[in-house]
Structure formats: structure tokens, C-alpha cells
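Going down the list, the protein sequences come from chains B and D.
Note that the first sequence covers residues 163 to 910 in the numbering used here.
Note that the second sequence covers residues 401 to 513 in the numbering used here.
I should point out that these hints are in silico values taken from the structure, not numbers from a laboratory.
Each hint should be verified, as a subset may be incorrect.
With a Cα cut of at most 20 Å, we get these calculated SDA-like pairs of lysine to any residue [to be verified]: (1) D:Lys406 x B:Arg402; (2) D:Lys406 x B:Ala405; (3) B:Lys647 x D:Gly417; (4) D:Lys406 x B:Ala424; (5) B:Lys204 x B:Ile232; (6) B:Lys245 x B:Pro357.
Computed from a predicted model, the values in this text were never measured in an experiment.
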Amino acid sequence: MPTQSYRIVLAGNPNVGKSTLFNALTGASQHVGNWPGKTVEKKEGRIDIQGRECFVVDLPGTYSLTAYSIEEIISRDYLIDEKPNAVVAVVDASNLERNLYLVVQLLELEVPVILALNMTDIATKRGLNIDPAALSARLGGVPVIETTHGQLNRVEQLKDAINRLDSAPRPLRVDYGSTLETEIAALTQRIIASPDLAARYTPRWLAVQLLEDDDNLIERLRAEGGHDHLIDAAASAAARIEATTEEEAATLIADHRYQFIASIVRGTVIRGTSTSETFSDRVDQIVTHRTWGVPIFLLLMWIVFQFTANVSAPFVEFTEMLFEGPLTRWTVALLGVVGLSETWFESLLVDGVIAGVGGVLVFVPVLFALYLALALLEDSGYMARSAFVMDRFMTALGLHGKSFLPMMVGFGCTVPAIYATRTLDNETDRKITAFLTPFMSCGARLPVYVLFGTVFFGSNSGTLIFAMYVTGIVVALLTSLLLTKVIYRGRIVPPLVIELPPYRLPALRTVSRDIRRRVGSFVTNAGTVILAASVVLWFMLSVPASGSLSQFNDVELDNSVFSALSKGIAPVLSPAGFGTWEASGALVTGLIAKEVVIATMNQIYVGEDEEETLESSTFVDDLGEIVTGFGEALILTGQEIVNIVPRTLNLIPGLSLPDVQFLGGGEEEELASNSLEQALRSAFTPLAAVAFTVFILLYVPCMATVGAMRQEFGWRWALYQSGYMLLVAWLVAVIVYQGGQLLGWGVA
Amino acid sequence: MASVLKQVLQHFEIRAGAVSLAQMARDLDIDTATLEGMIDYWVRRGRLRASGGSVQACSACGVRSGCAFVSKMPRFYELVNSDEPISVSTAPCGQPAENEPELRPACSRCGPV
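Bound-form chain B, shown alone (with noise of 0.2 Å):
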């Protein structure tokens, strides 16, 4: 029966709901500190059971008592010296094997314990059905509660069955073999030879701690004075044992323990067919699969592309549609209503923000099928085999596995690709994975490949898009082969293993939260960035470079201080065949971010080509053709959607299947019809076109990055990277574009 000083503890692995338990027993009656000396919370509270106050504490999340951090020295320093009246041993039933080492140390301890299974709902959907009976049976009749949340009456069977503890300790006998056996049985007899010792510590698993040469306990056991014999011998013991079997002492303990348990959950689970266990291995022969393994992440990632460009594309139309046409005349309408018609203010929203801005939230529906597409592998578990698979190749190129990962962000955004290479111990594959990084084409870039491939390439922009994510790939890995085998040469990468997720159908919540937050960003620098690089822009714009500043917002653009600016850069770039004002000016307003590529294009091409949006409507009209364009635009999604299929069997040799038409032929040429698009038709070549996306895919991605570089590595760093790629660049650009002409391929 509890009595006042009556004493429970909760100990468990971390993460198994014991902090829920605590909660769930103490209620309010709880109070916070640190554990004296320590920086690690202590919880402590008060619990009625039968009448009688019961202390109880939360000790700290362990796997072990053996000290090897300074949760497992509190927790066992408590349980030693406290001597709790009961020991509540909180356990993860969907992970019973890892668990359950932590309950056969406290039984060996010999304190009273109760077995709280947690998690037992888990463990069901695992297809892992426990049988509490036979557990308790297994661990000498140690009383086994379940207390998943939402179990029925958990914490009252819990507090029914700490009233009914029996105080008589249940010592479990874990057999480690003849050769530890004898030296533990000696040590024990040595313990029990002092009765201090012996009182103060249970005997065999004293024995036991220090031939597991338990450092934290030696210096507990010095500091206490007189022992030194014991350690000595404890000591002589362990070399022995490592003499005989050839394995320290240590390494046999817990391989025994191990060995124990497995017998243990042999005996008392019963293995169900786990569905998406199976499922998943199934899966994972094939997809995984050392030659298909490969092929297959890049057929899924051609897929991908495909459906972030094209299924996109209707809604692109849409978007543009919006602000070029009603948002256009509303602003201009209520301008005019405030008397600034036709004044430099108007000029500025209109050319400026809405051609600036508003170009950029165009693609917002091309960023959001490129989450989604990436969102859905990644909640599915592929993602995790994407690492996996590509392990050979990085390894091969003298990369670290893990690297794959940060390069992975990279694919939505640089900057915390490069934060990412933190989760690297290395500081050289830091360097390496980070210096690769911008090369993995990140989200902002996307809508300069999809403006140009839609232009220039019409339905086959996805390809175009998924050669641009290939290059990135191919020039990062060249990379690192230049830096692994000329600057760091001679590097060990270990060998990883990894634990590959089940797989599983994705969580719409987890899906659409990842869409929200990305587009997010991608819209909040809009409204941020962008807007104000516009601005920014379109003053460059207004102000003559030479002549008098009344021609300000007059100006030919040809004779604007940013015209004037961009010329002494275009001379650099004409061998890769964009040597305009225009592209370069883009070009070096990129460098703020690449979106601002685009917001620059519209203010240079679209800017002075407004009036015809401006035709009048009336807002009845406006808004018909908002709900015209929104439902044609839903058509035509659906349609993308279906011709996926075809134009991926499409890559079959001999295989060609014809598109699929819901509303009849001619949407290319509608989709490819505004004002930008033939502009740039005009100023560009198919050819320098490819070359441009390619200097877009491969020089620095925005200040953010060099930013970022700076941060974790210093300016050198940061400034080899943007010289390498302003160089890798020009370089590739001028290859493609004088390559292609050679090989006829520049014509118009």
C-alpha cells in the first residue's frame, strides 16, 4: 500500500509518450525544475492513490543505464540512490525490441517495475500484435498495463496496479554465457564480501556495470573510496573475457542482452502481415534495384517536369490572362477616377508593379505543380530512396551519400540547401556539398525554363525543363569530381546505412501544408523582392541616360541608365549568342533573384506594349472573362493530366500516341500568343534561347546564396563559388549556342 514517502518513477526511451503519462497521472499537480547540477528538466508531481499521496518523478528519456550520457547518469543515479518504491517503465509497443533493453537493465537492477505498453495502436497498424500475459510471464511476472492514449481507464489500471506492486523485487537472470558468467559470479561474491557495497548496490548487476567498464560508475565507485580492489579485479576480468572470446566484455553483455530480448519478443509477438511492410519490400526490389534503381528516378523525375510544366500551363494562361487584362483596366480605371491618368504614377503601377510583380505570380501555378509533384514523393517515402539509389553515383564521384539530400533541397531553394549541409559531420564534405549545391535548380528559375520552353518549344517544354535539372545534375558532379580528385584527394567516404520509411499513401494535410509553405515563399518574395527590385527597375527605366530629366518617364528604353548600364556587359555575352542590353540587363537584375529575370523581361518588352490590354470592357465583361478563362483553364488542366500517360509511353522507341483534345486543337498557339512570348521570339534565337536558360541554370542563383556561402564558409569561399559560376556558365552557354550553330542548328 502507498504510503506518504511512497516514491514512482517514469523511465523510458525518449519519445515514447512517458512525458503524455506523467501529464495524464499528475494532472496540474506538477512542477518544473532541473535536476540539481544539470541543465536537463526534471519533472516532479503529486498523485492520490487509494487515499494516499504518492511522489512521482519523470526521469529523463534513456535507452541504457549504462552512463554514456548525462540523462542515463541522472537516471541512474537516482534509482540507485533514491530507491523508488516503483518504477513505471514506459515502453513503445511499435518498438518493443529497442525498448525493452532499457526495462531488462532496470530489472537487473532489481527495483520494482511496472510495464507500461504505449503505443499499441502503432503497433496493431505495424501488424505487431503483443501479448501482455506472455510478456509479464517472459519478465518473471512483471505486471504489464496498457496505456496508449485513448485506452480505457489507462491511468486508473496504471494506479491500480502501482496500489497492488508487490515491494519484493523480481530479479531477472539474463544468461551471458559460461566465460562472463564465472567472472560475474566471482565479482558478485567480491561484492557481497563488503557489506556497504552491498547495500548501497544490488550485487550481480554491479558485477555486471563495471566488466561493461562503466566509467561514470568507476569514478563514483573511487570517489567513494576503498574499492579500488574491486575495480581492479573488474578490470583483470573484463581482459580476461576479451582474451578468451577475442571480444571486449562490454560488446558480450549487451550482444547477450540482446540475444535475451530477441527471445523474448519471440516468445510474446505475434507477427500479423504487415501490409506496407511487405508492400514496400516489393516495391523496393524494383525501385531500388542496383541497375533499374536509376533509370527509374529519372524517368520519375522526367514525369515530374512534364507535369510541372504542362499541366501547369492552362493556369499560367489563366494568371496572365487576369493581370494583363481586368487587373490591368481596374487599376488604371481607379487611377483615372483619382485624377492620375496617363501621369508617371500610373506608369509605375502599371509598367512597373504589375508588369514586374504580376509577371513573376504568373507562374505561381507552375511552382505549385512542382511542390506538388515533389510533395507527393516525398510523403510517399520515395524521396528517402532517391538518396539511396543515388549513393553509388555520389560515392563514385567521392561525395558523401548524405550530400544528395542538401542537393535535394537545393531543388526548391539554394540558400537552405546550403544551411543544410550542416546535417554533414564533415567539414570538408560541408565544403564540397555546398559548393555544388547552386548548381541544383532551384524553384525561382523555373519560371524563366517555363517561359522559354512554352516560347520556344510549346508542349515539349517539360523536356526542356527536365534537360535544364539533368545539366545542373551533371555539371555539379563534374564538379565534384574536380574537387574530390584534384583539390581533395584521397578522401575515405564510409559506407551509409540507411532506414528506408515505409511506404504509404500521401497525407493530403502534410501535402498541402508543404505547397502552402513553399508557394508562400515564392509569393511572399514577390511582394517583397521583387516588388521592390521593380520599382527599383522600372526608375532605371524612366531616366534617361543622357540628354535633359525632363524626358523623364519619356525615354526611349534604348536610352535609359539601365539600357546604358547593360550595354557594357552585353559585348561579354554575344559569343553565347544573347549579347542584347535586354538579356544582359536581366541577367544582372537576376543576381538580386532569379524571378526578377522575368519581372525585368516584362518591364523591357511589355512595359511599352500595353494598349492593346487596355481595349475597353466593361466590368460585367471582366468578370465573364475571368469565370470563362477559370473554367477553360480547369478543362484544360484535366486534359494535361490524361496526356501525361501518352507522352511518357511516347518515350518508348516506335511508340507515338497522339495527345488527347478536350476542347479541340489550337490552345499552343493561344497559350503562345502574349505580349512577352513574342518579344522574345523575336530577340531570341531557339538557339540562344537554350543557351540563356542555361546561363540562367548555371551562374550565381541570387545574393541570398553568396550570403549564405559567406555565413558558413567566408568571403573566399563564397567568392571562388560565384567566380566558378559566373566562368561554368559563360563557358557551357558558349558551348551550346556556338556548338549548335556549327552543327546547324541556329537557324530561327
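Got chain B; can you put chain D on it based on the hints?
Relative to the frame of chain B, chain D by itself:
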């Protein structure tokens, strides 16, 4: 015959290229959950290093786990090579990093936390 626990470590030492936990358990003829426990042991002893798992990217900027671009990384295990220089921090996203002079500012692309 080496203990299973030692065989686990040897598997890391002799292996070339990545292997999945499930495959390694099959190779050693033990249950995956038992293997996880054994790997835990070597991680605690400092012979193996664990990283990744759930949502994890970096501890670099103020946005941390709210960052839109962190990825769900699988859990990795690898041998600890004591000769190699260790990087400044491996703290998971959203947790305090040791030896960090300051929190990094959020990158320009992050949305609201």
C-alpha cells in the same frame, strides 16, 4: 564466431556503398527492430553516427523547422572516422546547436513560421 553485435559493426566496416536497414537485417539474419537496437548501442558507444530522420535540415537560420524547404530526410547510420575533422554543428532543425556563435538570419525565401 563474433557476436551478432560485433558482426553489425563489421558489416559497416566491410560494406561498400549504401545498404538499407532491412537488407542489412536480412544479411545478418536478425529482425530489423533488433538490428535498430544494436545500432543504437554502437551509436551510444560512439562507434557509429546517426543523423537525419523526420524533418531535419539545419540549425542555421531563425526560421528553423518552419523553413519551407526542409526535407524529410531518412535516418542514416555510418561509421565514425575519428581522424576526420568534425563540422561545427549537426544539431537538427528546430533544436539549439552547440558551439553556435549566433543564429543565422532567415534566407530571403522563407515564408512566415
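Review point. Of the hints stated earlier, which fail here?
Key: none
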